[in-house]
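A.B. asks: Construct the complete structure from the given sequences, taking the supplied hints into account.
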Amino acid sequence: MVDVTDAAFVALTVVTVGGAITALEAREIIYGAVGLAASFFGVASLFFLLDSPFVAVFQITVYVGAVAVLVLFTVMLVREGRWFGDSMGPAARVAAVVTVVALVTSLVSSFIAAGLSTTSEQANAPSFVGIGQLLTGQYAPVLEVLALVLAASVLGALTLAKVDPPGEGDALAKAQAVDEREGS
Amino acid sequence: MTVALSDYLIVSALLFGVGVYGLVTKRNAMRLVFSVEILVNAANINFIAFNRFLWPSALGQTVVLFSIALAAAEAAVILAIVVVAYRVHDDVDVSELKTLKG
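Heads up: the protein sequence lines correspond to chains A and B, in order.
In case it helps, our numbering puts the first sequence at residues 3 to 186.
In case it helps, our numbering puts the second sequence at residues 308 to 409.
Do not take every clue at face value.
[Said to hold, decoys possible] Part of the chain B face toward chain A, derived, beta carbon under 8 Å: (1) Val310; (2) Ser313; (3) Leu322; (4) Val327; (5) Gly329; (6) Glu344; (7) Pro363; (8) Leu366; (9) Leu372; (10) Ala387.
Just so you know, these hints were derived from the structure itself, not from any lab.
Don't be surprised by glycine CBs; every beta carbon is placed ideally from N, CA and C.
C.D. replies: Below, the structure written as structure tokens:
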């Protein structure tokens, strides 16, 4: 008899890791962006399985709702026909795969050797009352600073994305002019 | 069979492996952004899994909330840089972006 949680866990693992591989290996980068969103959604569902519904909803709101849409817009803005062959050569890729497989194997074997495969869940899951108390009490300054960081990063992103037209004498325009001279 | 702590850690390790693979083999700036986001997600799964299995407390979830918010801020800045690089260089291949090279 297969437990429902086990089946859900296996399915979510496939979605999460498969989505991540799609994100990196899909030929059209727009499909890669969709795979990345699927991977984010799988991670959020894993958070639900781990009895952390608040974090799961936050993950869906921020990653699937904001970051994935931002990535999709950027992909559409910078879209062009040169997406093919954006990897290193085959030798470098094989070396990377071998290294990563060795890394993951050593990690997994150390998890099993540490006896973590017999650890089962604690009886009482933390509730989000505790999260609220931490966010408004002990960690309220962190929340404030984080809000400032978020505002600063959005302002910085807006300033960066506003490229002045050439001839204004700023660094970006000079770089563009140099590029055009080299290109002609 | 119930899902044990090591199962979640294995998923996290697999995601980490995929992220590292992308980070070392891709030259397209967008794929690098994807890799970084995958790595952040792998780390967050670790946090929540250890929090649920070994030390149930709201602190672990709170830290992951902070981590997700920071990753969103970072994604906004990186994507703005990618757009600027594309406008200036007409390309997002990171091996071609040499303006800052000394």
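A.B. asks: Was the hint right that Leu322/B lines chain A, CB cutoff 8 Å?
C.D. replies: It holds, given that the least Cβ distance between Leu322/B and chain A is near 6 Å, below 8 Å.
A.B. asks: Going by Cβ atoms only, is Pro363/B closer than 8 Å to chain A?
C.D. replies: The hint holds - Pro363/B has a Cβ within 8 Å of chain A, the shortest such distance being about 4 Å.
A.B. asks: Holds or violated: is the Cβ of Leu372/B closer than 8 Å to a Cβ in chain A?
C.D. replies: Holds, because the Cβ-Cβ distance from Leu372/B to chain A comes to roughly 6 Å (cut-off 8 Å).
A.B. asks: A closest beta-carbon separation below 8 Å is what the hint needs, so does Val327/B meet it against chain A?
C.D. replies: 6 Å, holds
A.B. asks: Taking the closest Cβ pair, is Val310/B under 8 Å from chain A?
C.D. replies: 5 Å, holds
A.B. asks: For the hint on Ala387/B, just tell me whether its beta-carbon gets within less than 8 Å of chain A.
C.D. replies: 4 Å, holds
A.B. asks: May I ask you to test the interface hint for Glu344/B with respect to chain A, counting a Cβ-Cβ separation under 8 Å as satisfied?
C.D. replies: 7 Å, holds
A.B. asks: Going by Cβ atoms only, is Leu366/B closer than 8 Å to chain A?
C.D. replies: Interface hint status for Leu366/B: holds (6 Å vs cutoff 8 Å).
A.B. asks: Is the hint on Ser313/B kept, meaning its closest Cβ partner in chain A is under 8 Å away?
C.D. replies: Holds. Min distance 4 Å.
A.B. asks: Restraint: Gly329/B near chain A, CB-CB cut 8 Å. Satisfied or not?
C.D. replies: 4 Å, holds
The structure agrees with every numbered hint stated previously.
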